[in-house]
Amino acid sequence: MSADPSLESDSCSERRFFEEREQVRGLLQKLTQTRLPTPESDVDRDFLAAHSSVTSTLDKYLEQSHLLDPFLHEMLDPIVREIKRVMAERAQAQAQDQAEGVAFPCQVYRNPRLHKLFQLVYHLCKVRGYKTVVKLLPHEVSDFEPTLQLLQSQDRADHSAWETRYVLLLWLSMLCLVPFDLNTIDSAAESSNGAISIVSNIVTLCKDYLSDPGATQVAAAVCLSRLLSRPDMEQHYLTQFLSWANRELMTVSEGKDMRVLQFKVTGIMLCLAHIAKNSPREQHIEASRIYFASVMKLVAHLTEDDARSDRPSSSTLHRKLSVKLVQRLGLLYLLPKVRSWRYSRGLRSLELNMQSLGLTAGSTVTSMPSHAQVVRWSAAKGIGRITGRLPYEFADDIVQSVLELFVATEGDGAWHGASLALAELARRGVLLPQRLPDAVECVANALKYDIRKGTYSIGSHPRCLGTRKDRSAGPATRHDSHFS
Numbered sequence: 109m110s111a112d113p114s115l116e117s118d119s120c121s122e123r124r125f126f127e128e129r130e131q132v133r134g135l136l137q138k139l140t141q142t143r144l145p146t147p148e149s150d151v152d153r154d155f156l157a158a159h160s161s162v163t164s165t166l167d168k169y170l171e172q173s174h175l176l177d178p179f180l181h182e183m184l185d186p187i188v189r190e191i192k193r194v195m196a197e198r199a200q201a202q203a204q205d206q207a208e209g210v211a212f213p214c215q216v217y218r219n220p221r222l223h224k225l226f227q228l229v230y231h232l233c234k235v236r237g238y239k240t241v242v243k244l245l246p247h248e249v250s251d252f253e254p255t256l257q258l259l260q261s262q263d264r265a266d267h268s269a270w271e272t273r274y275v276l277l278l279w280l281s282m283l284c285l286v287p288f289d290l291n292t293i294d295s296a297a298e299s300s301n302g303a304i305s306i307v308s309n310i311v312t313l314c315k316d317y318l319s320d321p322g323a324t325q326v327a328a329a330v331c332l333s334r335l336l337s338r339p340d341m342e343q344h345y346l347t348q349f350l351s352w353a354n355r356e357l358m359t360v361s362e363g364k365d366m367r368v369l370q371f372k373v374t375g376i377m378l379c380l381a382h383i384a385k386n387s388p389r390e391q392h393i394e395a396s397r398i399y400f401a402s403v404m405k406l407v408a409h410l411t412e413d414d415a416r417s418d419r420p421s422s423s424t425l426h427r428k429l430s431v432k433l434v435q436r437l438g439l440l441y442l443l444p445k446v447r448s449w450r451y452s453r454g455l456r457s458l459e460l461n462m463q464s465l466g467l468t469a470g471s472t473v474t475s476m477p478s479h480a481q482v483v484r485w486s487a488a489k490g491i492g493r494i495t496g497r498l499p500y501e502f503a504d505d506i507v508q509s510v511l512e513l514f515v516a517t518e519g520d521g522a523w524h525g526a527s528l529a530l531a532e533l534a535r536r537g538v539l540l541p542q543r544l545p546d547a548v549e550c551v552a553n554a555l556k557y558d559i560r561k562g563t564y565s566i567g568s569h570p571r572c573l574g575t576r577k578d579r580s581a582g583p584a585t586r587h588d589s590h591f592s
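Going by our numbering, the first residue of the sequence shown is number 109, and it counts up by one from there.
It is worth saying that the hints were derived from the structure and are not from the lab. Certain hints may be false.
No farther apart than 30 Å at their CA atoms in a straight line, the calculated lysine-lysine pairs in the DSSO-like style are these [said to hold, decoys possible]:
id	residue 1	residue 2
1	K405	K234
2	K243	K315
3	K192	K239
4	K556	K489
5	K315	K385
6	K489	K405
7	K192	K315
8	K243	K489
9	K138	K168
10	K239	K315
Given the structure is predicted, the values throughout are model-derived calculations rather than measurements.
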């Protein structure tokens, strides 16, 4: 006897489509068509109720955010169109004030209704992810300066309006990619030293926002990295920023306590990681030499601090970002795709950067026994990426270093990190058959890992990852005689 379809649908929590599409469309239309007496006027209860209804509806799709993909443009379009209309009105009012000789035409701009619209865009970024939403933001050249001017008019001390600054920074990160010389869209005259005022303003703003403890820090790092990754930014702005970042990291690595500047260090390392990812490889190999020594010194300090104490002074996020940055620096020295007919060329490239590559690979391996799981996971992914681009002789040395972590003298963190690394190596197909007997023996030991400590024992996470490594090897390998 078949079950009642209505009961089955009620008991199933998985959604199959955007059920509230028409409701959200109507609410967005209401929100964007509402007009207030003045820009500074507070929104009424009906506006707040409609706004809250949209955000609560979007929150239902946090676990299945892909269902919103076909309708993201439909939801963003009216919001962005209204934001651009308000920006145009503000620009017109500013021009009128300047014509009338107002003493201070560029003041802090407050618009509660506009902020609520930016909150909706942020909520879409929160549910679906900013990488997906930012691609749908308008990127006309005419939007560049109004967006920057609106960001400059924000009060950084107003912590209730951080969503506006977050979305504006993300919007600027998209506008920075326009395929035109930024000098041609700058309404201000070019200075004598070759600097472009619009670029200088963005760099100055983003450097300040890198010290923020919230989401605006991430948006500033993304915006700054995309701007400085442009080919026309290398000569003047990229070198200046990397020199500034190098000085800041040197100050921290030489000090005894980095907690005083922890937010700035986080922002700088996050931005450098994005730059290493987005910049052209040939361009950034040379540029990275500016800050490479400072980064490695800071990473060594973080690694030593993590291994020395159960309560390290550095944060888990710092150690995770250090591993991410180091592995991306290591990938700069390796060809994106290693193929059989290009091994000789790859070896010549390795000879030029052997010392730097060895430092990055060694630092990534030593990060695997970290106390924090996110650091171990980031290190394992870095091991997989770097090993996949190395020639066999060098890759085998890294595999051997990973296998050497499966010893009784290492803690459960090292066993967990090594199991993660083996799973990543097997997933990428760089754990060759001749290494399988040693790998299988290590995995078998990880499956039995259990250390008694007083009235409890540790070892559940190495045992869990031992099973994952078995599965990532593939069915043909799992039925090999080594497992019998």
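Hint check:
1. For the hint linking K405 to K234, the alpha-carbon distance of about 35 Å lies beyond 30 Å, and the restraint is violated.
2. As the CA atoms of K243 and K315 are separated by approximately 23 Å, the hinted pair is consistent with the 30 Å bound.
3. Restraint check for K192 and K239: satisfied, since their Cα atoms lie roughly 21 Å apart, inside the 30 Å limit.
4. Proposed proximity of K556 and K489 is supported: the alpha carbons are some 24 Å apart, at most 30 Å.
5. Only pairs whose Cα atoms come within 30 Å are accepted, and K315 paired with K385 is accepted, the gap being roughly 19 Å.
6. Simply put, K489 and K405 have alpha-carbon atoms about 22 Å apart, close enough for the 30 Å limit, and the pair holds.
7. Straight-line distance between C-alpha atoms of K192 and K315 comes to about 26 Å, which keeps the hinted pair within the 30 Å bound.
8. Using a Cα cut-off of 30 Å, the hinted pair K243 and K489 holds, with the two alpha carbons roughly 26 Å apart.
9. For the given pair, K138 sits about 21 Å from K168 by alpha-carbon distance, which is consistent with the 30 Å threshold.
10. Under the criterion of a C-alpha separation no larger than 30 Å, the hint pairing K239 with K315 is consistent with the structure, at around 21 Å.
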